Structures are given as C-alpha cells and as structure tokens.
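Given chain A's structure and the hints, the job is docking chains B, C and D onto it.
Number of protein chains: 4
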Amino acid sequence: MKLWGKGRSLDEKVEQFTIGKDREVDLKIAWFDVLGTMAHVQMLASIGLFTSAELGSLMKELKNVLLSIEKGTYRIEEGVEDIHSQVEKDLSERLGEAGEKIHAGRSRNDQVLLDIRLFMRQEIMYLVNRVKSLFDVLIKQSEQHKSSYMPGYSHLQVAMPSSFGLWFGAYAESLTDDLTLLQSAYHLVNRNPLGSAAGYGTSIPVNRKMTSRLLGFEDLNYNSVYAQMSRIKVEKAVSNALASIAATLARFSTDACLFMSQNFDFIRLPDEFTTGSSIMPHKKNPDLFETIRASCNKIQGFPNEITLISGNLPSGYFRDYQLLKERSIGIFEELSSSLEMTLRAVENMIINPNILDDGKYRYLFSVEEVNERVMAGESFRDAYRKVADLIESGDFKPHIEINHIHEGSIGNLCNKEIQERMERLITGFNFPAASAAIERLLSSQ
Amino acid sequence: MKLWGKGRSLDEKVEQFTIGKDREVDLKIAWFDVLGTMAHVQMLASIGLFTSAELGSLMKELKNVLLSIEKGTYRIEEGVEDIHSQVEKDLSERLGEAGEKIHAGRSRNDQVLLDIRLFMRQEIMYLVNRVKSLFDVLIKQSEQHKSSYMPGYSHLQVAMPSSFGLWFGAYAESLTDDLTLLQSAYHLVNRNPLGSAAGYGTSIPVNRKMTSRLLGFEDLNYNSVYAQMSRIKVEKAVSNALASIAATLARFSTDACLFMSQNFDFIRLPDEFTTGSSIMPHKKNPDLFETIRASCNKIQGFPNEITLISGNLPSGYFRDYQLLKERSIGIFEELSSSLEMTLRAVENMIINPNILDDGKYRYLFSVEEVNERVMAGESFRDAYRKVADLIESGDFKPHIEINHIHEGSIGNLCNKEIQERMERLITGFNFPAASAAIERLLSSQ
Amino acid sequence: MKLWGKGRSLDEKVEQFTIGKDREVDLKIAWFDVLGTMAHVQMLASIGLFTSAELGSLMKELKNVLLSIEKGTYRIEEGVEDIHSQVEKDLSERLGEAGEKIHAGRSRNDQVLLDIRLFMRQEIMYLVNRVKSLFDVLIKQSEQHKSSYMPGYSHLQVAMPSSFGLWFGAYAESLTDDLTLLQSAYHLVNRNPLGSAAGYGTSIPVNRKMTSRLLGFEDLNYNSVYAQMSRIKVEKAVSNALASIAATLARFSTDACLFMSQNFDFIRLPDEFTTGSSIMPHKKNPDLFETIRASCNKIQGFPNEITLISGNLPSGYFRDYQLLKERSIGIFEELSSSLEMTLRAVENMIINPNILDDGKYRYLFSVEEVNERVMAGESFRDAYRKVADLIESGDFKPHIEINHIHEGSIGNLCNKEIQERMERLITGFNFPAASAAIERLLSSQ
Amino acid sequence: MKLWGKGRSLDEKVEQFTIGKDREVDLKIAWFDVLGTMAHVQMLASIGLFTSAELGSLMKELKNVLLSIEKGTYRIEEGVEDIHSQVEKDLSERLGEAGEKIHAGRSRNDQVLLDIRLFMRQEIMYLVNRVKSLFDVLIKQSEQHKSSYMPGYSHLQVAMPSSFGLWFGAYAESLTDDLTLLQSAYHLVNRNPLGSAAGYGTSIPVNRKMTSRLLGFEDLNYNSVYAQMSRIKVEKAVSNALASIAATLARFSTDACLFMSQNFDFIRLPDEFTTGSSIMPHKKNPDLFETIRASCNKIQGFPNEITLISGNLPSGYFRDYQLLKERSIGIFEELSSSLEMTLRAVENMIINPNILDDGKYRYLFSVEEVNERVMAGESFRDAYRKVADLIESGDFKPHIEINHIHEGSIGNLCNKEIQERMERLITGFNFPAASAAIERLLSSQ
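Residue numbers (the working numbering), protein chains in the order written: chain A, 1 to 445; chain B, 1 to 445; chain C, 1 to 445; chain D, 1 to 445.
So that you can see chain A by itself, here it is in the shape it has in the complex (with noise of 0.2 Å):
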C-alpha cells in the first residue's frame, strides 16, 4: 500500500532499493510520529477539520498505537513504505473517514522533519545526563588525585610538572565547551517545521504556532521553503555537537592508551577490562579504548558524510536525505555507548602513584628554577639561559617542588567554577518545559 498508490505498482526490485532499511528504521521515531500526528489533528479539529467525536476517537487510537510501540509490537507492514503510511493506514482501518483525513494540510516531508526534531531532542536529553555522569566521575577523580603528578609533555617529550588532578579535570572543562555547542544545535532542533508541507506551506490555513505549543517548541522555523532546507543544517549541527563530544572522548582515549603503554606505566585497567591475545600469552590490552577511539572517530567522520550527500544540492527535498535518517538516529546510541564504557573505565582507573621518581622526568623541573630565579629578581630570558647552560653542562639539579597557585594550576584547579558553569549549562537547555508539554499532549483527550 502506497499512500500516492493510483493502481499502478512499483517494481519490486526498485522499491527494495529505494526503501532500504527505512521500515526497521522508522521504528526508531514511531512514537514520535504518533505525537506530532495528536498535535496535528488536534491543530486540524481547531480549525474545523474533524468534529470533536472524530478527535476523540482518532486521539484514542493513536494512544493505541503508542501503547504498541511502546510494548515493542508495532510493526511497519511489507509492503507499506514508512511509519507515516502506516499510521495512516491503521486509523483509516479502524476509523474510517477520519483516518482518511489527518494527512491534510502537511506532507510526509514535514512529518519526517518533525520526528527527526523530537527524537533528537529527547536523545540530546539522555546525552547530556550521561554527559553530566561523565563529568562528575571525572572531577572526582581529578579531586581525588589531586595530589599525584605526572610528567606534562608538549610534542610527547617530556616537558613541565602535570597532575592527574589536571589531567582529570581537563576531561571535564573539555564537556562543559562541549555542552556549550550542543545547546546551539538543541535551539535549532527544538523549532517545530510542521505546517511547511512538501516544502512550499499548503491552502489549509493550518495554525503552526498552536503545534509548536501543544509540541513543546521553543521557536519554529517560520518560512516553509527553509523549513525543508533546515533538514540538512539541523542534522548537521547536532552531528557536528556530537562530533565535539566525541573527540574528548576520543582524545582522552588515546591519552589512556599511551599511558597503559609500558613505556609510560601510569594508569591500568582492572584485568576484566582488558583482552588477550592469540598467541601472546603475556598481554593486556586496551581495546576498551581503543574501541570507544575508534567509535568516536567513525562518528566525526558523520558531518563530513552529511556535507557529501547534501551538498551542491539545489534547495527542495530530495530522497538523497531519507539515507542519512539511519546514521543520524544511530549516532545517539554509538555515542552514548562510548560516554558510558568511558564512564566505566575512569572510574575503575587504578593510577600508579609514584611516576615521578624515574629519572628520565628530571628537566620537568627546569621552569621551576627558571622561574624561582625570575622571583628572585633575574631577568626571564637570562634566567632560561643560565638554566640552559647548567643542564648542558650537566649541573642541573632539580628542585623537586610544586608551587602552583594561579587558576587552573596543578596547586588550583578550579573544578567548582567549572562544575557552576556545567549547572548553568544544563539548566539552559531547559528540558522540563519540553517534557512538560509533551506530558500535557498525551494527557488530552
């Protein structure tokens, strides 16, 4: 059954291909379809299109139908090519006339618009818990090593003083920048494009700021023609958030590797948290990381992906779109997998604490004395090369001392203003007035 069926039918082989995955897909967003579908006819019944009976009984079965999707049982039917037919189909079964009648006055391009939207912001929801799980796991490690120094490198030789406090604590600074970019792409998401149709409005004098209330939206994307266009910038500012996400994780990743390395020895991992080899019988890697690495860089190559689909593409829908749906859905979990496994992981970090004692860390110390000259009241540059001059000729002794007070130093780390800049973060995404609509809508009637 195809909504635009006129008695002719499409070749087998053709549908298959032009279909693809989009019926195991569709299932990803079908709870969301069927909310915009409430919001929709209850728009429609506003502006006279159903009598309040029709509205009632339509909103009874489309509580059905989320009940079903819900208990896992909803499926899209051979034959049917998406969740908006398919809804379609089953209320013009069951009801009648008033199921022939909800595709008024939109489009499946807007309705896939609009799915796409609710589902992102609910999965950006989840994201930034898990984000903020992260996080805080992240500061106390960082509070609680506070005290245990590393090497810091600079081009991986070894450089000045660091701190698995600093180390820490970076992770969790580099979150909150990245939670600062995903609230602009959440802006974007959180505008409601229903009401834009094929791209061009429609006749029906469909009231689109009373969707974006009963919905929950901040704004909408007001012009029909842009509406359409935001598919691609949409999905592309939220991959490029996620991306963000992804590259502290994937930087942090490889941190990890490096120093699980024997040559380094400065973290482990538990023994269950590490594989074997075939035929090496003394190893422990770290696939973990290496996998949630990998992970990450497959879903920063994604806006790269979305720019090679879309671009040089005239403004107007194109099927081209349909097949970044499957990856812009996946993302949300390949991502959360690794927030949560790298979750995991730092907090069953174990970190050997006495790193520094070998003496290949040596001239980490020689800003140290460069600067103790400095407060001294030598000059910087001559200080730098009086140092210089001593460890060439070999008769650097290093003090080995910490003194760093400013902010953000190993002595200072600052982890409260940035744990107060994450809370200023979250409450600006301001999710329970989403939540709260979205409630409201499935309580009426």
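Treat the hints as calculated values from the structure; they're not laboratory data.
Be aware that one or more of the hints could be misleading.
[To be verified] Think about it this way: if two alpha-carbon atoms lie no more than 30 Å apart in a straight line, the pair counts; the simulated BS3-like pairs of lysine-lysine are: (1) K2/B with K360/A; (2) K146/C with K146/D; (3) K284/A with K397/D; (4) K132/A with K386/A; (5) K2/C with K360/D; (6) K21/C with K284/A; (7) K140/B with K13/D; (8) K13/C with K132/A; (9) K132/D with K21/B; (10) K284/C with K89/A; (11) K284/B with K397/C; (12) K416/D with K209/C; (13) K89/B with K284/D; (14) K2/A with K397/B; (15) K89/D with K209/C; (16) K284/B with K89/D; (17) K2/C with K13/A; (18) K132/D with K13/B; (19) K2/A with K360/B; (20) K21/A with K284/C; (21) K386/C with K2/D; (22) K71/A with K2/C; (23) K13/B with K2/D; (24) K146/D with K209/C; (25) K397/C with K13/A; (26) K89/B with K386/A; (27) K13/B with K140/D; (28) K21/C with K13/A; (29) K21/B with K209/D; (30) K284/D with K386/A; (31) K2/D with K397/C; (32) K140/C with K209/D; (33) K284/A with K28/C.
[To be verified] Pairwise CB distance ranges, derived in the manner of DEER restraints: (34) K140/D with E340/B: 51 to 57 Å; (35) I350/C with G411/B: 37 to 43 Å; (36) E272/D with K21/A: 57 to 63 Å; (37) G72/A with G411/D: 56 to 62 Å; (38) E77/D with D395/C: 32 to 38 Å; (39) E401/A with G330/C: 54 to 60 Å; (40) S46/C with R424/D: 26 to 32 Å.
All of these numbers come straight from a predicted model, not from anything done at the bench.
Here a beta-carbon is modelled for each residue, glycine too, at the ideal position from N, C-alpha and C.
The following block gives chains B, C and D in isolation, referenced to the frame of chain A:
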C-alpha cells in the same frame, strides 16, 4: 635569533621547512599579539615583576609596535621564528632588561592561543556585520517580490507553487540559524587561555582573572591542560560555524546557477556580472555564483582537515597545530568575500515575473485542488485520489489562485519574526563589551 | 571461550562493547577464513608440524565447516569472540590435539588480514562483472541513440550540440578509468599477508611462498611490519577505487535527475520505476536515481572515514582497525546494488527524440557558424567576434546541421576503441589464476 | 582583454573575485600551455588551417614565449584572465592573423585540462624520483641496522621482538605499494583530452591522434563529454595516490615522534634537526617530524575537498573546478618537501643499540618460548596456556634469542625482493617515452 637558541644553530632546510609561511601568517595576528602582551605586562607589574617605570616604558614601546603594525611597516626578520620572538627581541633591544622579563609566566603556546582567540573574536564581529547586511538585502528582496510566483520543486520535479518572497526569505532565515551556531562558537572563543603557559601552568603566581578582565574575555579556560587542548576544539567549532554560513551561500548559489539556466530562466544577472566563453559567442556564464559555491565548499572541507591533523594525537601541544593557523585565519577572508559577492548578486538580481504562465507548471496547483475539496468536507485521501484520477485522465484543470495564509507560507512570510530573531541574536554576541575592554587597554599607560 | 582466556573473565559490558557486531560481520568472511586455514595447515604439515593423518582429518573437518557456511547454518557462538576462535574451537572439539595445533605460526592479526584480502579479491571479481554489464548497456544505448541530439551544457548554460550517443558513451568510458584504478588496488589486494603473525613474524619456520601459491596470490607482503601496516593502505586503496566507480554512478544519477525534471524533459523512466507523493497527486519522482546518488556519496565518504580512524596512529596493530571491517565488507554490496539499479534504469530509459526543436536551444549552433567561417578562411577570433555581433543584434540564424567527425565527437564516438580498452582491462585482472588456485586448494586432501 | 569581450566590461569586483589567484597559479602551468599550443598549431597546419610560413612563425614565437617562461620573466597582464588568453594575445600582437587563428578547434576547457595533465605527468616523474631516493635510504638503513633489535608493539603494548631492519624496511615496502597506486593514476594522466573543446567536440576536423602522438600521450580520452568529466576523476586519482605516499610518511613521522620521546628513547636526531622551547631550557623537539606529519595529513584531506567541490554536479564544465587548480598544483611541492625532509631525517637518524636490555621488555619473548615448545611437539594452544601460567606465577624466564627465518622476518628481510619490485615499478611508468616526445616537439620547426 631563537628564543631557545643555545649557541647551536638549526639546520637551514629544517628551519625553512618547519617555519613554513609563519613569518607571513603571523603578521595577521601581530596586532593581537601585542595587545596580549600589554595585558600580560600589566598583570606581571601587579604581582611585582615590573616597576611602574618599566611598565610605562613597555606600554609605550608596545604602542609603537602597534602603530608600526597598523601602518603596515612591521616585519618579522629573517632568522626570527615568529611574531612572539620578534616582539620580545624588539623590546629587549630597545629597553634592555624590561624586555627580557616579559616572557615570565607564559609560553609561546598560550600566546599563540591567545592571539588566535583575539583575532577570531574580532573577525567574528566583522563577519556578523556582513551576514547582517546580506540578511537585510534578502529580506528586502523577499518583501519586494512577495507576489512574484515561481514553481516549488521537490526531487527537482515541479511540485507546488512558491514565490520569490519565500525563496529569498528562506535564505534570510537560514542565516539566523547559522548565527545561532556561530554564537556558541563565539562563546568558546571568548575565553582566556593566557596563563596556561605550555599547557601545565606556571610557578609564577600569575593573575589570570586580571588578564581576562583587561582583554575583555567573558570567562577563562580554567584548567591549563584543557586550555591547550581547546586550541583544536575552538578552531573546529569556529570553522564548523563558518561552514554553516558557507553551506547557506553554497546552496543559494546552486539555486541561482540552476535558475539562470535557459531551462529555468527564473532570474538573470546584469551582463557585467556574467562572463563569456573563449569559443561560444553567445555565453553569459554565472561564474560568480560558481566561484562562491566552490569557495564555500572549500570552507566546508576545513573542519574535516582539522580533524585529520589533530585526530588520534594525545593531549599536549604538537607542532602539527601550527599548520592549521594559516587556514584558520584565511577562511574569514574567504567567507567574507563570498558574503560580499552574494550580497552584490542578490541586490542586482533580475526576476522573471511571468514564470508560471508556462504550461509545464500546470500541475503545481493539484494540491490546491485537493485542499479545496478538503475544506469543503471531503477526506484528504479521498480528494487526493480523485484529483489523481483527473490528472491521469487528462481532465485536470488548475485553478490558478494562491491562497496560503499560515505562518511561513507565501501569503504570510513572517519576515518580521525572522528579523526580530536576528536582532536578538546580534544583541546576544555582546560585541560592545569586548570592544570597550580593548579600548580601555589601548588607552592605559 | 577466549583463545587467550586464562581463567579470568572479561567484564560483560566491555566484552559486548568491544566485540560489537563482529560475530555477525565475521560470517561474511568465514568461508575465506577456512580457506586460509586450509592453506596454513598444509604448510604446517610441510614443515613437520602435522602428520599426514592429522592433515587429512583437518582438511576433512575444514571442508565440513565450509559446507556448513555455504548452507548458511554456521554460527559464531555466544561467548566466542570471532570466526578465528570459532573454527579453532570446532576443530579442537572434533579432532583434539590436531585442532589445538593449528594456530602455530600465525596470529589473528594476519588471519583477519588474509580473510579480508580473499574476500575482497572475490568481491572485486564480482564487481568487475557488474561494471562490465553496465558498461555493455551504456555502449548499446550510446550506439542506439547516436543520432538523438541534446543540448550540451557548460556552467548549466546551453553551450553546444551534444547527443545521447555522447552522453551514454561518456559514462562507459568513465567506467574504464575506474577499472584502471581498481586494477591497481586489486594488485595490492592480491598479496599474501599470512605469516606476518602479529606484525613481527614468528620463530616457527613458516613457508610463506607456499601459502601464497596455495591461495593463488600474485605476490606477498614481504616485510612483516609492513604486512600489518598494509591493512589500512589496502582497505583505503580499495575504497578509493570503489569510490571512483561510485562517483561515476553518482554523476550519472545527477544528470538523470536533472534531465527528468519538467524543465529539461530529456528522458523518462517507466512509471513503475518512479514513486509518488503523499500529497501531490501528479508527482513521478526519480527516487531511484536519488537513492543511487546518495548511496554512492556515502561510499565516497568512506575513504575519509578510514583516514580519520587510522590517522596519526603509529605502526602496529590497533583494535581500532576492527571497526573498519563492517563497512569495508558492506560497501561491496552497496556499490553492487547501485550498479545493478543503474543498469536497470539505463536499460529502461526513454529518450525524448525532439529536444532540439525548442527555441531556447538556438544558440547551441553558434560555434558551428564560427567554425564554418574558419574553414572558409576567416581567423577564429575574427569569426567569433562577427557571430557575437550577429547574436547581439538579433540577426543570428542557426544552421542546424551537425558535422563533427573527429575522434570522440558526435559523429565518431569511438565506442569500439573504448570497448577494446575495457577488454584489455578485464584481461589484466587475471581472475582465472586466482580462481584456479582456490579450486585446487578445495580439491586437495 | 577578454577573449570573449564584446565591448562590455565585467564588474571589477566580480572579475577580481572570480579570477582569484589564477594569474599567479597559471604561471606554474604556462610552460605546458605553450607546449600544448605547439602541438595544436602543428595539427591545425596539417588540416590546412595554417600555411607552413604561418606555422613556422608561430613555432618561433611560441619558443620565445617558452624562453621567457623559463627565464621567469613571463607575466600574465592585469586585465588578462589567464595563461591561455595571454598567449593568444601575445601571438596576435606579434603575428597578427596567425595568432588570431590558433584557438580554432579547441576551448579553454580542454586547454586547461591538457595543461594540468602535462604538468602532472612531469611532476609525477619528479616525485617518483624522490620516492626512489627515500626508498634507497630506507633500504640502506634497514640493511645496516638489521641486527639492532627493538620491541614490537600491538595496541601500544609490548608484543614481540622487532628490529630496525624490519622497521625501516616496512616503510620501504610501503612506498612500493604507493607507487603501484600512483602508476594507475599516471596512466589516467597520460591520456590526451585535447580536441574535446568545451566538452562536446568541434566541427573543425581536428586530428586528435596526431596531437596525442606529438605530446607523447599513451592514449586519449576518446569521448568528448567524458574528457571534460575526467578532469575531476584524474585530479582525484592523482591526489589519492599522493595521499597514499603522504600516509606512509605521516605514519613514519608518528613512529619517529613516539620513538624520540624520553619514554621510548629508541632514536634521536642530531641537535641541529631539533627545536627548542621559549620557556623550557631542556627541550629538543621533533618539530621536523611533526611538520611532515601535519603537512601529509593536509594532503590526505585534499581528495575529500575535491569531492566536496565536485559532488552532485551534473556533467559539463563548471567554474567551480577552477578552484581546485591551485591546490592540485601545490600538493606536488608540499609532498616533495616532505619526502626530502624525511630522507634527510632518515639519513641522520641515530639508533639506540641497547633498547632490549630494559626489564620492561622481558615479555617480548613469551611467544618464542611458546614456539620452542611447539617445535618440540606440544600443541600450540597447550604451550600457550603453559607459558601464560608461568607468566602469571612470575616464573617466566625469557630466552633472549631471536631465530626468525621466514620471508619478511627479522632474519630474512627480503629487501632484495622489495628492491626488485621497485625497479619493475619504475620501469612500468615508462617516463622516457613521454620525455622523448616532448623533446621532439621542442626541436620541431
């Protein structure tokens, strides 16, 4: 002269290769480098590392350097690695010990970070102005041509009636979403990395809140290790936001190239905006739009290049990042040119007023017919099937009358709402705060 | 069961996360894994590590496994990491010690390398066949429609006369260049990595030339460290070559979508190849070509994804590479579908025979006029200027007569030369050599 | 002066924007442009469009232009769009009508295609020479250090014994695979596009086989439409092949940076190859390798940029392609520099001869122990488990003796076989054929 020179000299070819175009590129950030040093020396004076006489003479010489940069006469000498070294060299030569003291408590790593931040902060301000100008022209054209109709396409197939009002307005709204994204990148830019030194802070008790205030930053990158990591995150965030603007321009150009084809003939540019062929005497080519499009596509490739260069590297500074500087700086100019040229093209665009007269667009109005029947009480799906039958049998007669009234439709463009959003966005950048701080710094002694 | 299990067990979530879809994906390479083991055990027997009785029973059991794979009944059990472990487990259970011996002198690292090579070698053979079929249809259409003219465009502006002969033929020739590139990737694929073990060889005196011969490889990856590094190089080379074919199909689809627009109306597909709209009763959309295009654009993004995952990693195996396996395997199927669908579309394409009758194409013939004057003795630039003047003044009258005779022009398509190149290319792959070796291996005891 | 100027002039800003850096960039291909014109005029003379006197004077003037280019004095004048226009202008001014005739039967579209092909053909020849030099040094170092052992890593974990012989040799072999890929790209480059004009051929009866022969091409792009499409395909193929070489260098640099870290201390560079820090007096940084790596990563981003610019465009020339020219030309120089610097670094690298003495590497030899037991008759899996038990209980005692003899192992590097492959590859390019043709052309009258 190397800051780190210790008698030995660097292999000449290695020097040339590793420095690359730095001496040239650094001139673009020289002004900001001096600004940062002005804030840094004031802070060092406040913790007792300069007498007030030293501070006065340093500020005076730094202003001289600024003047020389503004006049375009400042140069990075052969044998000097970068702008940071050149300024220290100049001050040391002119002021002796006071100059040799200025590098206390910082590193070239946080200096270049700071320079790029200050540069980007200013360039974003310029760019937002350019975006606003283009936005205004798009809105103006949208209003002016709101009654000029054109076909709307989906799948490049004639779909439903659209208008030049909708078309121009769509790109105006697109720019508001772009600025939403740019604003979050701007917030990341507007954080002070100074004081993080080589990425591990310093034992000099620097006052990072003071330099933040002096330079007009909203906030600071607290954690020193993160400050260094943020280099990539911020350059990527900015380039993603610029790429979003670029995507808007590229799509507009694609539309324009298509609409200028003889097969569409929707718009024209004045002859002096088109180019000819070396062999075909009749050609008037849209090289302007093609150049904008390709240039914007290049910009869209830059975020991926950043990831390729920085991916899978552990935390800590690497020289690799230096190779991003040239392009991170250059894309502002590239995008700015494309914005300017798009504005000129939009301003001068000539609209074909009678497009819909052509018979090939008659099915544009099929949904209008369906909707009329819906408003008269038929169910949507039923009306759809009836109109489909009329089309199949050749009996469809379009009523060419457009009656769209909802938000964002042909008859109700909502340009005012879009303009209000733009105003709120520009206020949200709060550019005057940054400018005022810089002016205060420049006028301090 | 882990090959490396030593009593301890892996955290369940870590296991699930790091294995990902491996159990599923590995079934695609299972057949080749067994093949590789057949060659490996024959080689081990030749150096005395198996008795001939052991070898006989191993070969017999391996053939049973092959049969089970071919029947689709083979499974990787829950708790077993991968295909390599499963086969060793099966053989050990069925044959005892002989099974426990098979992993001598290799590692899962060179095993998976080998499996992917053998898989790709076969898939390339299938793919070349598909390319050849599409090529044949393009040539056939080119010949059939060589007198059907169409406008040629540059900058999307009407430029000079072209023909469907040229258009179809262009894509046929494009495929020959694609196969040139695929052939060099095939040569890299057709090298034996087996024996490089975990990337550092083995103290077991394996005979790598023997396994190369048994498996029909042209050559071997000599250096063991390089053999491991080649994993990325070869997967990237193959994906680049596949991307080149994909680029050909994507551009063809873009042309087709454009030419199917009402504004061009050059070609049509039968109704059963087009899809409709949920709201516009008149639509016949080219979803088929759009899906091909988007799918081929995704394929073109894969080489970049490989670089993102593998870039900046040092030599030696990393688990990260495992995440490439799924897609490296999957894109063969994706590209193959797009080739098949393009073939069906080309075969069924309906050509509009009277395109040039439309007045908007009259300037197509301006260069013909210039050239006539050139052949009559005027200088080119002079003739160009005169025709330009005629066009400006409205006095240009086209002689609609096409008289192109040079190689590769409308009148001399050179399809025969292009076909000969295709034949040489296919011979150059030398597929029968590989197939013959595999058949010998399968029939050996 | 525009070839297509018809009295009207182009808006100045539009001109500046669309021409961009063309006047500069075109000087890099000027020499080849003249060469192409020499072949073109000889061919035009052969079909009667020039008298032999005209041909003689054209050849003479073209040689004058070549000389001026070689001396570096040739310039593209302000107001002239490109090299093609400049040469026609010069010849027309010096020779009158003979100059005005030269553009018959071609277009700037096929001219620039030709120029880039000839440029690339020569640059590939230079590049292959540089690759060969680096290859030779790698083989030399491999042979020289074949008994210097180092740990082999997988997952960055100490794995099995390796050697500098293996390490250097691996990169030598990597370069052979890179050249295999470059060779197929070279075959695409070595095809003549001239005569395809603006992409649709010409009614002038040009002899494309003659120009192919004169310019030393192996073959021609037959189909005129394809000739134009091949622009992107060939630039992408070349950039992919260059990216493959770049990937080899980048990975080598990553290894080198890691091995120069104090935590590895496997290799060193002489002091004059390392750089210092502005604040840390002890630093000796591997900026050289980092710059090579980042530069090579940029090169690896170029193929994606080509796809972003060209993707989803229909067939036919677009000005967009012009924007690829600068970088398509520039990456040869970038890669060439990286090859040269890598060669200097490899030549001067200092090897630490006693790496394996360190206790942290003791488990390197666990597989040797397993294998000894296997050779003595134990089953592999059994021996593996027994050695694993020894390691767990702390009773493992490594026999530090390396006894690898198979192809590609520490004891049998197969450098000779790799060298032979390299020789065959270089012969396969058949550079002398192209050079001989160019010499003949230059010496013809």
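Hints versus structure:
{"no.": "1", "hint": "K2/B with K360/A", "verdict": "26 Å, holds"}
{"no.": "2", "hint": "K146/C with K146/D", "verdict": "64 Å, violated"}
{"no.": "3", "hint": "K284/A with K397/D", "verdict": "19 Å, holds"}
{"no.": "4", "hint": "K132/A with K386/A", "verdict": "47 Å, violated"}
{"no.": "5", "hint": "K2/C with K360/D", "verdict": "26 Å, holds"}
{"no.": "6", "hint": "K21/C with K284/A", "verdict": "22 Å, holds"}
{"no.": "7", "hint": "K140/B with K13/D", "verdict": "23 Å, holds"}
{"no.": "8", "hint": "K13/C with K132/A", "verdict": "20 Å, holds"}
{"no.": "9", "hint": "K132/D with K21/B", "verdict": "28 Å, holds"}
{"no.": "10", "hint": "K284/C with K89/A", "verdict": "22 Å, holds"}
{"no.": "11", "hint": "K284/B with K397/C", "verdict": "19 Å, holds"}
{"no.": "12", "hint": "K416/D with K209/C", "verdict": "15 Å, holds"}
{"no.": "13", "hint": "K89/B with K284/D", "verdict": "22 Å, holds"}
{"no.": "14", "hint": "K2/A with K397/B", "verdict": "25 Å, holds"}
{"no.": "15", "hint": "K89/D with K209/C", "verdict": "63 Å, violated"}
{"no.": "16", "hint": "K284/B with K89/D", "verdict": "22 Å, holds"}
{"no.": "17", "hint": "K2/C with K13/A", "verdict": "42 Å, violated"}
{"no.": "18", "hint": "K132/D with K13/B", "verdict": "20 Å, holds"}
{"no.": "19", "hint": "K2/A with K360/B", "verdict": "26 Å, holds"}
{"no.": "20", "hint": "K21/A with K284/C", "verdict": "22 Å, holds"}
{"no.": "21", "hint": "K386/C with K2/D", "verdict": "15 Å, holds"}
{"no.": "22", "hint": "K71/A with K2/C", "verdict": "36 Å, violated"}
{"no.": "23", "hint": "K13/B with K2/D", "verdict": "42 Å, violated"}
{"no.": "24", "hint": "K146/D with K209/C", "verdict": "22 Å, holds"}
{"no.": "25", "hint": "K397/C with K13/A", "verdict": "48 Å, violated"}
{"no.": "26", "hint": "K89/B with K386/A", "verdict": "18 Å, holds"}
{"no.": "27", "hint": "K13/B with K140/D", "verdict": "23 Å, holds"}
{"no.": "28", "hint": "K21/C with K13/A", "verdict": "27 Å, holds"}
{"no.": "29", "hint": "K21/B with K209/D", "verdict": "44 Å, violated"}
{"no.": "30", "hint": "K284/D with K386/A", "verdict": "17 Å, holds"}
{"no.": "31", "hint": "K2/D with K397/C", "verdict": "25 Å, holds"}
{"no.": "32", "hint": "K140/C with K209/D", "verdict": "25 Å, holds"}
{"no.": "33", "hint": "K284/A with K28/C", "verdict": "28 Å, holds"}
{"no.": "34", "hint": "K140/D with E340/B: 51 to 57 Å", "verdict": "55 Å, holds"}
{"no.": "35", "hint": "I350/C with G411/B: 37 to 43 Å", "verdict": "39 Å, holds"}
{"no.": "36", "hint": "E272/D with K21/A: 57 to 63 Å", "verdict": "59 Å, holds"}
{"no.": "37", "hint": "G72/A with G411/D: 56 to 62 Å", "verdict": "60 Å, holds"}
{"no.": "38", "hint": "E77/D with D395/C: 32 to 38 Å", "verdict": "33 Å, holds"}
{"no.": "39", "hint": "E401/A with G330/C: 54 to 60 Å", "verdict": "57 Å, holds"}
{"no.": "40", "hint": "S46/C with R424/D: 26 to 32 Å", "verdict": "29 Å, holds"}
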